[in-house]
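Undergrad: Sequence:
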Amino acid sequence: VKYKATEKAVLSAAEIVGCTCSGAGDDRIKSLVFDYVIIDEAAQGLEMETLIPISRCSKKLILCGDHKQLGPLVFSHLGKSLGLSVSLFERLAKILPPVLLETQYRMHEKIAEFPSLQFYDGKIQTGVKREIKQSFPWPDKRSPQLFCHIKGKEEIGPNGSSFLNREEAYFIRTVVEKLIKLGVKAENIGIITPYLAQKFFLSREEGIRKEVHISSVDGFQGKEKDYILISCVRSNEDVGIGFLSEINRIN
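Following this note's numbering, the numbering of the sequence shown begins with 11 at its first residue and continues without gaps.
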C-alpha cells in the first residue's frame, strides 16, 4: 500500500511522464490529466492505441510521425478492410497538412534525392554536405549508390509463406566480403530485405560476419549504417513483386 501511495505521489508531481500508448491506460496514471501529450511515431500506431494517451490530454496534442513511411502493422485481412491499417495521423493529415521537417542529416544528399522528389515534392534538403574523401569500390566511384542485376530466382522459404533468393544472397555475401577486405568494418554494414526467409538465409551465410546487421524493413527503421545492402528477393516470370509494391515500404 505504501509503495503504491509513493508511486502515485511521484507520478502526480512529475512534470514529464513517458510511456507507450497502451501504457497510458495503466491504472497508475489513468486518473492523471496532462497539459501536453506528445505521441512519437504516431503514423505507425493503431488509431485505438493513440486514442488512449489522447484521452489524457487537456490542452495541446502533438503527433510526430510520417504517414508516407511504414504505417500500423495489421495482419488481419478483415482488419485492413475495415481501415485499421490507417493511423489517426494519416487520417488527420488529409484534412490538416502536417508541418514538414525539411532538413535531413542521415543520408548522403544523392541518396536523399529520390525520396525527396518521389514523396515530399522535392522539399527535403540535406543539412550536412558530406565530403567524399575516398572513392566508392564500384564502377562509378563518385556515386554513393549502385544497382546490381542478379540472375537469381525466388523460391518459397522453409516456413512456406516467405521468399528467398539464393543467388542474390550469395552476391550479397560477396559484396560484404569485398567491403571488409577494403577496410570497411563489419559493424558499419547493414543488410535490409523485405522477406524473413531471406533474412534467415543471409544470417546463416558463413561469409557474412555476425557483426553485420541483417534485418527486415520494419526492424531496421531508425537505425543507421555507413553501407546499406538491399536484397529485394523477388524474381519470377509472373512479375510479382509482393512487399515491394507497397510505396510506403519503398520509402
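Note that these hints are calculated values from the structure, not bench results. Note that beta-carbon positions come from the ideal geometry of N, C-alpha and C, so glycine has one too. Each hint should be verified, as a subset may be incorrect.
What the hints assert, rightly or not - Here are the simulated SDA-like cross-link-like pairs (lysine to any residue), alpha carbons at most 20 Å apart as the crow flies:
#: 1; residue 1: 161; residue 2: 80
#: 2; residue 1: 163; residue 2: 78
#: 3; residue 1: 233; residue 2: 125
#: 4; residue 1: 161; residue 2: 78
#: 5; residue 1: 133; residue 2: 119
#: 6; residue 1: 78; residue 2: 33
#: 7; residue 1: 233; residue 2: 80
#: 8; residue 1: 78; residue 2: 114
#: 9; residue 1: 191; residue 2: 217
#: 10; residue 1: 235; residue 2: 117
To be verified - Label-pair ranges, simulated between beta-carbon atoms:
#: 11; residue 1: 233; residue 2: 176; range: 19 to 29 Å
#: 12; residue 1: 131; residue 2: 74; range: 34 to 44 Å
#: 13; residue 1: 85; residue 2: 254; range: 45 to 55 Å
Undergrad: Look at each hint and say if it fits the structure.
TA: How the hints compare with the structure:
Our distance criterion of 20 Å between C-alpha atoms is broken by residue 161 and residue 80, whose separation comes to about 29 Å. Distance restraint check for residue 163 and residue 78: the Cα-Cα separation of roughly 30 Å exceeds the 20 Å cut-off, and the hinted pair is therefore not satisfied. Of the pairs offered as hints, the one joining residue 233 and residue 125 holds, with about 17 Å between alpha carbons and a cut-off of 20 Å not exceeded. For the hint pairing residue 161 with residue 78, the CA-to-CA distance comes to about 31 Å; that exceeds 20 Å, so the pair is violated.
Under the criterion of a C-alpha separation no larger than 20 Å, the hint pairing residue 133 with residue 119 is consistent with the structure, at around 12 Å. A C-alpha spacing of about 26 Å is found between residue 78 and residue 33, which places the hinted pair above 20 Å, so the restraint is violated. For the hint pairing residue 233 with residue 80, the CA-to-CA distance comes to about 14 Å; that is within 20 Å, so the pair holds. With a C-alpha separation of about 15 Å, the suggested pairing of residue 78 with residue 114 holds against the 20 Å cut-off.
The straight-line distance between the Cα atoms of residue 191 and residue 217 is roughly 12 Å, inside the 20 Å bound, and the hint therefore holds. Between residue 235 and residue 117 the CA atoms are separated by roughly 10 Å; this keeps the pair inside 20 Å, and the hint holds. Checked against the hint of 19 to 29 Å, the pair residue 233 and residue 176 passes, with Cβ atoms roughly 26 Å apart. At roughly 20 Å, the beta-carbon separation of residue 131 and residue 74 lies outside the given 34 to 44 Å, and the hint is violated.
The beta-carbon spacing between residue 85 and residue 254, approximately 19 Å, falls outside the hinted interval of 45 to 55 Å.
In summary, the structure is inconsistent with hints 1, 2, 4, 6, 12 and 13 from the numbered list given earlier, while agreeing with the others.
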